[in-house]
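**Q** Got chain A; can you put chains B, C and D on it based on the hints?
Line by line, the protein sequences are chains A, B, C and D.
Reminder that position 26 of the first sequence reads as 34 in my numbering, one-by-one numbering, no gaps.
Reminder that position 31 of the second sequence reads as 39 in my numbering, one-by-one numbering, no gaps.
Reminder that position 149 of the third sequence reads as 157 in my numbering, one-by-one numbering, no gaps.
Reminder that position 55 of the fourth sequence reads as 63 in my numbering, one-by-one numbering, no gaps.
Some hints here could point you the wrong way.
Since copy identity is lost for identical chains, a pair holds within one copy or between any two.
The list that follows gives simulated cross-link-like pairs (lysine-lysine, DSSO-like), each with its CA atoms no further than 30 Å apart [as the list claims (entries may be wrong)]:
1. 54 / 75
2. 54 / 141
3. 28 / 53
4. 44 / 116
5. 115 / 44
6. 152 / 115
7. 152 / 44
8. 141 / 53
9. 107 / 28
10. 54 / 44
11. 141 / 152
12. 76 / 44
13. 75 / 30
14. 152 / 116
15. 107 / 54
16. 141 / 116
17. 28 / 115
18. 76 / 30
19. 152 / 53
20. 54 / 28
21. 107 / 30
22. 44 / 28
23. 28 / 116
24. 30 / 53
25. 30 / 141
26. 44 / 141
27. 30 / 54
28. 152 / 54
29. 75 / 44
Derived by calculation from the structure, the hints in this document are not laboratory data.
Predicted model, so just to flag it, every value in this text is computed and none were measured.
Protein chains: 4
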Amino acid sequence: AANVDENASARKFASYTVFKGKAALSISPILPNFTKIESGGSRVKKNGSVMLTFFPAVGQRQYDYSKKQLFALSPTEVGSLISLGSAESCEFFHDPSMKSSHEGQVKKSLSITPLGNDNGYFVNITVLNNVQKTNERLSVPVTKAEFAVMRTALSYALPHIMGWDQALTSHPQSPTAPAS
Amino acid sequence: AANVDENASARKFASYTVFKGKAALSISPILPNFTKIESGGSRVKKNGSVMLTFFPAVGQRQYDYSKKQLFALSPTEVGSLISLGSAESCEFFHDPSMKSSHEGQVKKSLSITPLGNDNGYFVNITVLNNVQKTNERLSVPVTKAEFAVMRTALSYALPHIMGWDQALTSHPQSPTAPAS
Amino acid sequence: AANVDENASARKFASYTVFKGKAALSISPILPNFTKIESGGSRVKKNGSVMLTFFPAVGQRQYDYSKKQLFALSPTEVGSLISLGSAESCEFFHDPSMKSSHEGQVKKSLSITPLGNDNGYFVNITVLNNVQKTNERLSVPVTKAEFAVMRTALSYALPHIMGWDQALTSHPQSPTAPAS
Amino acid sequence: AANVDENASARKFASYTVFKGKAALSISPILPNFTKIESGGSRVKKNGSVMLTFFPAVGQRQYDYSKKQLFALSPTEVGSLISLGSAESCEFFHDPSMKSSHEGQVKKSLSITPLGNDNGYFVNITVLNNVQKTNERLSVPVTKAEFAVMRTALSYALPHIMGWDQALTSHPQSPTAPAS
Numbered sequence: 009a010a011n012v013d014e015n016a017s018a019r020k021f022a023s024y025t026v027f028k029g030k031a032a033l034s035i036s037p038i039l040p041n042f043t044k045i046e047s048g049g050s051r052v053k054k055n056g057s058v059m060l061t062f063f064p065a066v067g068q069r070q071y072d073y074s075k076k077q078l079f080a081l082s083p084t085e086v087g088s089l090i091s092l093g094s095a096e097s098c099e100f101f102h103d104p105s106m107k108s109s110h111e112g113q114v115k116k117s118l119s120i121t122p123l124g125n126d127n128g129y130f131v132n133i134t135v136l137n138n139v140q141k142t143n144e145r146l147s148v149p150v151t152k153a154e155f156a157v158m159r160t161a162l163s164y165a166l167p168h169i170m171g172w173d174q175a176l177t178s179h180p181q182s183p184t185a186p187a188s
Numbered sequence: 009a010a011n012v013d014e015n016a017s018a019r020k021f022a023s024y025t026v027f028k029g030k031a032a033l034s035i036s037p038i039l040p041n042f043t044k045i046e047s048g049g050s051r052v053k054k055n056g057s058v059m060l061t062f063f064p065a066v067g068q069r070q071y072d073y074s075k076k077q078l079f080a081l082s083p084t085e086v087g088s089l090i091s092l093g094s095a096e097s098c099e100f101f102h103d104p105s106m107k108s109s110h111e112g113q114v115k116k117s118l119s120i121t122p123l124g125n126d127n128g129y130f131v132n133i134t135v136l137n138n139v140q141k142t143n144e145r146l147s148v149p150v151t152k153a154e155f156a157v158m159r160t161a162l163s164y165a166l167p168h169i170m171g172w173d174q175a176l177t178s179h180p181q182s183p184t185a186p187a188s
Numbered sequence: 009a010a011n012v013d014e015n016a017s018a019r020k021f022a023s024y025t026v027f028k029g030k031a032a033l034s035i036s037p038i039l040p041n042f043t044k045i046e047s048g049g050s051r052v053k054k055n056g057s058v059m060l061t062f063f064p065a066v067g068q069r070q071y072d073y074s075k076k077q078l079f080a081l082s083p084t085e086v087g088s089l090i091s092l093g094s095a096e097s098c099e100f101f102h103d104p105s106m107k108s109s110h111e112g113q114v115k116k117s118l119s120i121t122p123l124g125n126d127n128g129y130f131v132n133i134t135v136l137n138n139v140q141k142t143n144e145r146l147s148v149p150v151t152k153a154e155f156a157v158m159r160t161a162l163s164y165a166l167p168h169i170m171g172w173d174q175a176l177t178s179h180p181q182s183p184t185a186p187a188s
Numbered sequence: 009a010a011n012v013d014e015n016a017s018a019r020k021f022a023s024y025t026v027f028k029g030k031a032a033l034s035i036s037p038i039l040p041n042f043t044k045i046e047s048g049g050s051r052v053k054k055n056g057s058v059m060l061t062f063f064p065a066v067g068q069r070q071y072d073y074s075k076k077q078l079f080a081l082s083p084t085e086v087g088s089l090i091s092l093g094s095a096e097s098c099e100f101f102h103d104p105s106m107k108s109s110h111e112g113q114v115k116k117s118l119s120i121t122p123l124g125n126d127n128g129y130f131v132n133i134t135v136l137n138n139v140q141k142t143n144e145r146l147s148v149p150v151t152k153a154e155f156a157v158m159r160t161a162l163s164y165a166l167p168h169i170m171g172w173d174q175a176l177t178s179h180p181q182s183p184t185a186p187a188s
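One chain only, chain A, in its complex shape (with noise of 0.2 Å):
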């Protein structure tokens, strides 16, 4: 418990934010999870992400945090941003409820799509909520330089969130004896 506490306190946050007319849009990396294996180390159990955060805006310079979407990228969607041409689009789709018992209840989209003229992307997030009878949609335009550090941050953070940073981290070993 000691060593949780001590874990909890050593833990540090970081992101970027773009705040715009309509909404804001912070990215931040979440690190994976790693497990137990018999032979003795450890192996990722569940791989990080980058977390896409979309909060409104409600006067000048104002936003409410409290009506905040959420979209987490998988390394694939990562990969899928970072390799984007400057007049290609894409778009995500998730289900926060899969495999579970509601499942299809929210529907939420993330489309990211050219500005034009090399200009930067609009990044939009669509929150469909069938039982709520909602339909919330956040767009934030993100110019050339932001989309530089968003690219930066994210092919930085790739190999992070998939745990190869420490499985490529050298532990002391002992070395063996002096080649001739």
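**A** Relative to chain A, chains B, C and D alone:
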């Protein structure tokens, strides 16, 4: 011996796997080995690699891991893969028993060919066993987004499987006197 | 206090400097600041930056560091710079006293314009001081090779000045029971 | 002194070597040196480099390491190499005795010229010794895949040989009070 146990328990494994209709493909990084040198430090004795593991589908979303086929990419083969143009292909040939008395009994080849229209690649492994008279072939279509994940993960892994991250890690030193 | 001293003595500084006929330009990274949060961990309180320092030549290979002009690039400005096409330019405006009573007294601008024929860029800083009635301008031509160093260093620095490297650092955890 | 021994034993070496018909070429990274500064921290005193080592073939897959020729790439030369277009060439000149009484006795040049058709590069070193009246020249053809390894390894090494990884390493700090 206590040290060795500690190392084994600290070792972490990570991979990236795509599951397709006829087979799945998993890639995972393998660390280099170091050996002590007379001057007191150590140097890379054997480069690491990126292991490709193919396993065939035996039903709806069911794969037979016992029938897996392996192909370990060397640093130069990784270089070939990450610099592959969207309309280019590459092919590598391995003999798992090279320089042994069994040389030539098994011939493995890995080929990567474009799906067309910048849509990704087919990754194919062929294992020809002249003794058992078998010829196994597994093919996995990889989308552009999935290949972007592989390219990013391989680019990240490359300096690590060659030991450059360890050679570039600074150890505490006693700096010289303050600069004037 | 002992802790603080230890930190100060552990702090390391690095830069990349190009010395040209009329001025020199040095770039160096600055770390972000973290602040504790209630749940026990910490989050980025203030992003880091990449500091550009210009200083004028006062003779053959002699530069007057006391006449230096500073310009701190934000993450988004770094994104603009690393995604700059070979024929594109960009310009940023800063007010060092923004949101203080001195707002508007000093106006700084940084512009990056192509030298032409894919030969690199001119990096210019202009500092207009409305109180002292001065207008300083320093220009440094940067070759394609030097800009490649800057681009690579800035791309490397970007996730670090946003704290993503720290958010993506895994701390020892007690993994769950072995996977079945 | 005990500290120094510990450092020497912890030092690790890694390289990437291509063996060709007439000569082999090995590249390996060299760390920067830091020096203490008055404020208590330290700063880069001397940049690291990437060392190119050429050694001639003296038979079938046999190379004479005693006849090696060295060329240390500075950060800007690394920048030139990693930004080299597929049809471009570059050339660097070094005088190993620059600013000494032996200046001009030995002239080294490294040139990188395209093999044509996006097939890689010829990497050539020429060492002209005006005292010994010798002119050594070694050429190594580097394939596109091998150059991709070099480019990736050099891009990775660049921030490290300039000390930016150490300047961007966060040391434990006592964060300020929780944010409100």
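**Q** None of the hints should be skipped; say for each whether it holds.
**A** Quick rundown of the hints versus the structure:
Taking the closest pair of Cα atoms, residue 54 and residue 75 come within 30 Å of each other both inside a single copy (28 Å) and across two copies (25 Å). Taking the closest pair of Cα atoms, residue 54 and residue 141 never come within 30 Å of each other, the shortest separation being 32 Å inside a single copy and 40 Å across copies. With identical chains, the CA atoms of residue 28 and residue 53 are at most 30 Å apart between copies only, with a shortest distance of 20 Å across copies and 37 Å within one. In this assembly of identical chains, residue 44 and residue 116 lie within 30 Å of each other by CA distance neither inside one copy nor across copies; the values are 33 Å within and 33 Å between.
Proximity of residue 115 to residue 44 under the C-alpha cut-off of 30 Å is found in neither arrangement, the shortest distances being 34 Å within a copy and 35 Å between copies. Taking the shortest Cα distances, residue 152 and residue 115 sit within 30 Å of each other both inside one copy (29 Å) and across copies (25 Å). In this assembly of identical chains, residue 152 and residue 44 lie within 30 Å of each other by CA distance neither inside one copy nor across copies; the values are 42 Å within and 33 Å between. In this assembly of identical chains, residue 141 and residue 53 lie within 30 Å of each other by CA distance neither inside one copy nor across copies; the values are 35 Å within and 38 Å between.
Only between protomers do residue 107 and residue 28 lie at most 30 Å apart by alpha-carbon distance; the minimum there is 20 Å, versus 35 Å within a single protomer. Within a single copy, residue 54 and residue 44 get their C-alpha atoms as close as 12 Å, and across copies as close as 27 Å, so both meet the 30 Å cut-off. In this homomeric assembly, residue 141 and residue 152 never come within 30 Å of each other (Cα to Cα): the closest approach is 36 Å inside a single copy and 36 Å across copies. Proximity of residue 76 to residue 44 under the C-alpha cut-off of 30 Å is restricted to the inter-copy arrangement: shortest distance 23 Å between copies versus 35 Å within a copy.
Only within a single protomer do residue 75 and residue 30 lie at most 30 Å apart by alpha-carbon distance; the minimum there is 13 Å, versus 43 Å between protomers. For the identical chains of this complex, residue 152 and residue 116 are neighbours both inside a copy (25 Å) and across copies (23 Å), given an alpha-carbon limit of 30 Å. Within a single copy, residue 107 and residue 54 get their C-alpha atoms as close as 16 Å, which meets the 30 Å cut-off; across copies the closest is 40 Å, which misses it. Proximity of residue 141 and residue 116 under a CA criterion of 30 Å is satisfied intra-copy only: 14 Å inside one chain copy versus 51 Å between copies.
Taking the shortest alpha-carbon separations for residue 28 and residue 115, both the intra-copy value of 25 Å and the inter-copy value of 25 Å come in at or below 30 Å. In the homo-oligomer, the alpha carbons of residue 76 and residue 30 lie at most 30 Å apart inside one protomer (13 Å), although the nearest pairing across protomers, at 40 Å, exceeds that limit. In this assembly of identical chains, residue 152 and residue 53 lie within 30 Å of each other by CA distance solely across copies; the values are 25 Å between and 35 Å within a copy. In this homomeric assembly, residue 54 and residue 28 come within 30 Å of each other (Cα to Cα) only across copies, at 20 Å, whereas the closest approach inside a single copy is 33 Å.
Taking CA atoms no more than 30 Å apart as the test, residue 107 paired with residue 30 passes between copies only; the shortest distance there is 24 Å, against 34 Å inside one copy. For the homomeric pair residue 44 and residue 28, the shortest alpha-carbon distance between copies (27 Å) is at most 30 Å, but the shortest distance inside one copy (44 Å) is not. In this homomeric assembly, residue 28 and residue 116 come within 30 Å of each other (Cα to Cα) both inside a single copy, at 21 Å, and across copies, at 24 Å. With identical chains, the CA atoms of residue 30 and residue 53 are at most 30 Å apart between copies only, with a shortest distance of 24 Å across copies and 38 Å within one.
Taking CA atoms no more than 30 Å apart as the test, residue 30 paired with residue 141 passes inside one copy only; the shortest distance there is 23 Å, against 40 Å between copies. In this assembly of identical chains, the alpha carbons of residue 44 and residue 141 never lie at most 30 Å apart, being 43 Å within a copy and 40 Å across copies at closest. For the homomeric pair residue 30 and residue 54, the shortest alpha-carbon distance between copies (24 Å) is at most 30 Å, but the shortest distance inside one copy (34 Å) is not. Only between protomers do residue 152 and residue 54 lie at most 30 Å apart by alpha-carbon distance; the minimum there is 23 Å, versus 32 Å within a single protomer.
With identical chains, the CA atoms of residue 75 and residue 44 are at most 30 Å apart between copies only, with a shortest distance of 25 Å across copies and 38 Å within one.
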